[in-house]
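Heads up: the protein sequence lines correspond to chains A and B, in order. 428 is the number that my numbering gives the last residue of the first sequence; the numbers go up by one with no jumps. 155 is the number that my numbering gives the last residue of the second sequence; the numbers go up by one with no jumps.
To be clear, the hints were calculated from the coordinates, so they are not data collected in a lab.
Below 25 Å or equal to it, Euclidean Cα-Cα: the simulated DMTMM-like pairs (lysine to aspartate or glutamate) are:
1. A:148 with B:40
2. B:105 with A:124
3. A:290 with A:204
4. A:134 with B:112
5. A:296 with A:208
6. A:134 with B:43
7. A:134 with B:51
8. A:23 with A:396
9. A:134 with A:124
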Amino acid sequence: MKTIEVPALARVEGEGGLYIGLKDGQVVEIRLDIYEPPRFFEGFLVGRYLQEVPDITARICGICPVAYQMSSVAALEKALDVEVSPQVYALRRLMYCGEYIESHALHIYLLQAPDLLGQPSALDLAAIAPEVVKNALRMKKIGNEVLKAIGGRSVHPVNACVGGFYRWPENTALQALIPELEWGLEAAKETVRWSLTLPYPELEIDYEFVALHHPEEYAVMHGEVLSSKGHKTAVADFEMRYFEEHVQRSNALHSHTSYGSTYLVGPLSRLNLNHEQLLPEAQKALEENKIKLPIKNPYRSLIARAVELVHFYAEAIQIIKAYQPEGPAHLALNLKAGEGAGASEAPRGLLYHRYKIDENGRVTFAKITPPTAQNLPRIEADLFALAPQIVEMPQEQATLTAEHLVRSYDPCISCATHFLKLKIENRE
Amino acid sequence: MKIRVIGTGQSLRGDDAAGLEAVKLWQVRHPESAARVQVELSELPGLGLLDLLEGVEAAIIVDAVQDTTSAGNVLCLGMDELAGFIPGSGSAHGWGVAETLQLGKAVAPALEKCRITLIGIVGKDFRMGTGLSPEVRKALTRVVEMLESEIQSLL
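Chain A on its own, in the form it takes in the complex (with noise of 0.2 Å):
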């Protein structure tokens, strides 16, 4: 029997291991065991009174909180029949902006690249290229300062309640933010220039894409859950057609549709199924760099990554100058029993919310469903669709091209795990 073990996966969030088992030179199994101990945020949110849960989600994720901020308010406020403010409709969506900025120049510049440039490290990347990590590092700041303006602090904002924000944020504060703004949109389109000519592997897999749509925006908080199978899935009804399992080798849920396929969430998704729906600077970035639609190749997200780049850029800058708040910051809540679903797009992928909460706003029931969950068995069923390459590569690149492959989906594995090895074990 041989074994053939490799050290810890850097740049992927959480804790977990690949194993690959052949027989007769063919794969026959393919593992992707994640053991970052469970957390339990789903039960220590009950009993809870509902403007705490938007700040306890937020520390599920350092680097998506916002993600987990929206979905919780959009599900509170489902259940309490309220409708937020155009204002503040805008004011969350700006805070998005900022956090798939910060979110997408880490992941392209300093997790997924070095990949690329075969390099191990972003610190070794930026030995060779200083500059690139400098840009990367100052776009992703930009992204932070956004957040910090809005929610008082760059990682875990704390702005942000049911109904609305505590308060509005200062208006100098965001118009300040303009000029880097600006810096960081001709930055991201250059983004989308050097992207293309990064050496992706090869890997076309034939995905079931699925976002959230709206019609009239690029969907983030908005909309119905759209799939590339044509199916529409209202928010309410997502449990109806995608369902989450235990599987014994891992502390995450798995997820599938309700036809028993895997699908996709995440940038490939969101770009795939609603590219008509960006600004006019990333339509822009798209016809002439001549992107062709839909990329089915997972280690191109980084492409979808930078495309998004430029339209959160434009959109936070349009945001930003139309930005005149009046009037309270936040509803009066009419507390009821009641229950609520909502969904975001995290920049990882679709983030869907349940609650349910009694007569005085206490929260009797959770239900969180993060994207990485749901990509799970698509990364193992895309690593069985690569098994072929790898089976037949040196150790060191076959460890690496999986690996890449798995980073490439930006997975948060516990929104908290933090290294993956890799076994191949030969059972001839």
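Could you slot chain B onto chain A? The hints should help.
Here is chain B on its own, set in the frame of chain A:
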């Protein structure tokens, strides 16, 4: 001289909170010095540490460290000595102090002009939960005096 004191570490991971606790104690015991410098308490700054180092001539970072020496041991390290502590994890959540400084050195030449000192407190128990181990708690007084002495040498 523009000086920034940065206490870092996770308040819910036992001894990892030592840096935060030490800086808070120093603020109480040496309010006059604390008023003359900028103080930041940041649980997990990650790459944001580079932003905290912007525009200052000297920075003192106080953090818990893992080391083979006894718990409660206090180390005072300069930028060059920190280079030996690069773990190479580089997860999106896990940019540590040493690797972030190393990255900063490569991409932010201005950092070369900033005198960076790390006061590291060797921890014992980094499991989930609040509260420092007795060894680390006992070491806080020594850390506070070391921090004050370092600041006095800069002012």
